[in-house]
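Chemist: Since the structure of chain A is already known, use the hints to place chain B on it.
Chains as they are written, first to last, in the working numbering: chain A, 1 to 310; chain B, 1 to 310.
Bear in mind the hints are in silico, worked out from the structure with no lab data behind them.
Any given hint might turn out to be false.
[To be verified] Okay, the calculated bits of chain A under chain B, using three or more residues with CB under 8 Å as the criterion:
no. : region
1   : 183-190
2   : 231-238
3   : 268-278
From the three backbone atoms N, C-alpha and C, an ideal C-beta is built for every residue, glycine too.
In case you want the letters, here they are:
There are 2 protein chains.
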Amino acid sequence: MPQHIAVLGGGLIGASWSALFLAYGHSVHISDPDGSADAFCRGFVRRAWPHLRDLTQGLPDHPPLDRLRVSSTIAAACDGASFVQECGPDRIGPKHAMIKEAETALAPHVLIASSTSSLMATDIQAQAQHPDRILVAHPMNPPHLVPLVELVAGRLTSPDAIPQAEAFYTSLNRVTIRVQKERPGHLANRLTSALYQEAVNIVAEGIASVEDVDRAIAYGPGMRWGLMGPHLIYHLGGGAGGYRQYLEHLGPTQQTRWADLGRPTLTDDLIEQLVLGLEQEIKELDTQELEDARDRALVALAKLKQGLPF
Amino acid sequence: MPQHIAVLGGGLIGASWSALFLAYGHSVHISDPDGSADAFCRGFVRRAWPHLRDLTQGLPDHPPLDRLRVSSTIAAACDGASFVQECGPDRIGPKHAMIKEAETALAPHVLIASSTSSLMATDIQAQAQHPDRILVAHPMNPPHLVPLVELVAGRLTSPDAIPQAEAFYTSLNRVTIRVQKERPGHLANRLTSALYQEAVNIVAEGIASVEDVDRAIAYGPGMRWGLMGPHLIYHLGGGAGGYRQYLEHLGPTQQTRWADLGRPTLTDDLIEQLVLGLEQEIKELDTQELEDARDRALVALAKLKQGLPF
Chain A
1 MPQHIAVLGG
11 GLIGASWSAL
21 FLAYGHSVHI
31 SDPDGSADAF
41 CRGFVRRAWP
51 HLRDLTQGLP
61 DHPPLDRLRV
71 SSTIAAACDG
81 ASFVQECGPD
91 RIGPKHAMIK
101 EAETALAPHV
111 LIASSTSSLM
121 ATDIQAQAQH
131 PDRILVAHPM
141 NPPHLVPLVE
151 LVAGRLTSPD
161 AIPQAEAFYT
171 SLNRVTIRVQ
181 KERPGHLANR
191 LTSALYQEAV
201 NIVAEGIASV
211 EDVDRAIAYG
221 PGMRWGLMGP
231 HLIYHLGGGA
241 GGYRQYLEHL
251 GPTQQTRWAD
261 LGRPTLTDDL
271 IEQLVLGLEQ
281 EIKELDTQEL
291 EDARDRALVA
301 LAKLKQGLPF
Chain B
1 MPQHIAVLGG
11 GLIGASWSAL
21 FLAYGHSVHI
31 SDPDGSADAF
41 CRGFVRRAWP
51 HLRDLTQGLP
61 DHPPLDRLRV
71 SSTIAAACDG
81 ASFVQECGPD
91 RIGPKHAMIK
101 EAETALAPHV
111 LIASSTSSLM
121 ATDIQAQAQH
131 PDRILVAHPM
141 NPPHLVPLVE
151 LVAGRLTSPD
161 AIPQAEAFYT
171 SLNRVTIRVQ
181 KERPGHLANR
191 LTSALYQEAV
201 NIVAEGIASV
211 EDVDRAIAYG
221 PGMRWGLMGP
231 HLIYHLGGGA
241 GGYRQYLEHL
251 GPTQQTRWAD
261 LGRPTLTDDL
271 IEQLVLGLEQ
281 EIKELDTQEL
291 EDARDRALVA
301 LAKLKQGLPF
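So that you can see chain A by itself, here it is in the shape it has in the complex (with noise of 0.2 Å):
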């Protein structure tokens, strides 16, 4: 059933969210102060619009921008919305001062979901009139195309908020996971770093290059990354015995790899040194260009991941 749903930001991740609330039929309505917002949501949601209908059955030729409103207050997004996402600057006082005003005007039983990357829900519900309707729910950039959200409740989270944004998430196609802890980094950026950690040891200590290390990653484990996760992959590496035979046997190798792994710290030196390897390895080509192809590619990885079983 079409619901109204009001985006509290217009930047990068608020636009692409109302991208998909618009393409599942509901109607959205942004706020955001800065008068610009208005046409960079709308030029953001006509580009988005034939990726999403490359992915997505049914959809109009033509973006419903008719669907879409932008406003310079909170109070006005809100009026008469069944569902919150809140998409503004990642500062506890901002969150604490865009619930305050969106709570004038939500009925209470209204969900809020907060997009923030690196704070707790504990945090940013503390002093909501109504904590219990707040939760975490952090997609991957950009949220339109990359499938996962990560749902984390506060310790004031009603137990019925997290099924109720997984029923949601899922009418959109999006795949939930639930964060059992308030972490920094909640589950996906965790992994994102204990990767990217040594990715930059691995330059820092002059194993390989930047572009290297890219492209090792792009043409080999990560292709596997695209399809299954570590567990299930090592489960397939473990022959008819499964994981459990791949722990037994293969476990004490990963523990001697785990003490091996280096602990950079990001230098001067090293931070030069990053950006003259990615330099290399780009060469001419510009962000715009990279960034086209990318989310053509996460389109089509996205449409054949469809008919996985996994």
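Modeler: Frame of chain A, contents of chain B only:
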């Protein structure tokens, strides 16, 4: 120009390399003391052929099994070979024995590339008559579908050997990288281990289930890693200022997350927890179904990547 390639060891990796070499017009002679290797390798090539046809232009309908021989001795396989891919047991004793026998049959300039995942080129070449022609060329499994080949020179490897091997693997549409220092796990498996360490830690700390960790990767950051490496991803995450801007502004948040990553120990209890979590994840799916779906998807992803600028 078609070459005659010796593949030492007819297990999974040797069979997969052989299928690739055949697809690029070479003739292949596998050595394996196990009498069942012949049937296994022929069956493997037959099953791999439709995937290779999908990825490679102009292949015949049926696998050219007339260009494949399997013998029980290394000397027979190496007779007349212009390149050797060693895929034997990953222990130093068997490697030395295999190389000793291979050298009785090979011209002195013929490269011997070891598929080892855990040994160093310097150790493998230690007792050779012509150590300068020995290097590590480590693939990801299965090599006929995942393009990465990590090249590592030992202390005695000739300066020409790495560029020669690069030219050979590039002619097979592989993506080669140069690992500049001999370290456990070469490069790709260090990165894999870094990610896996935190994937295990998240379960050990009760932050999320095995299934949710796997879904988070495969429907989140893994989708980007299937296309791009982490340095390039953060370059695009840095906006107009690129990688420098990312590192200067968000480098400190990485450093904070790095400090919070876990150092799990694979105790018996943790292994039980991981195996149980994996069973809940895969439910009734069997390994063959999962492998078939993975291989089909890897082919589709490899095809998708053929048109990318990175």
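Chemist: Tell me, which hint numbers fail for this structure?
Modeler: Those not satisfied: there are none.
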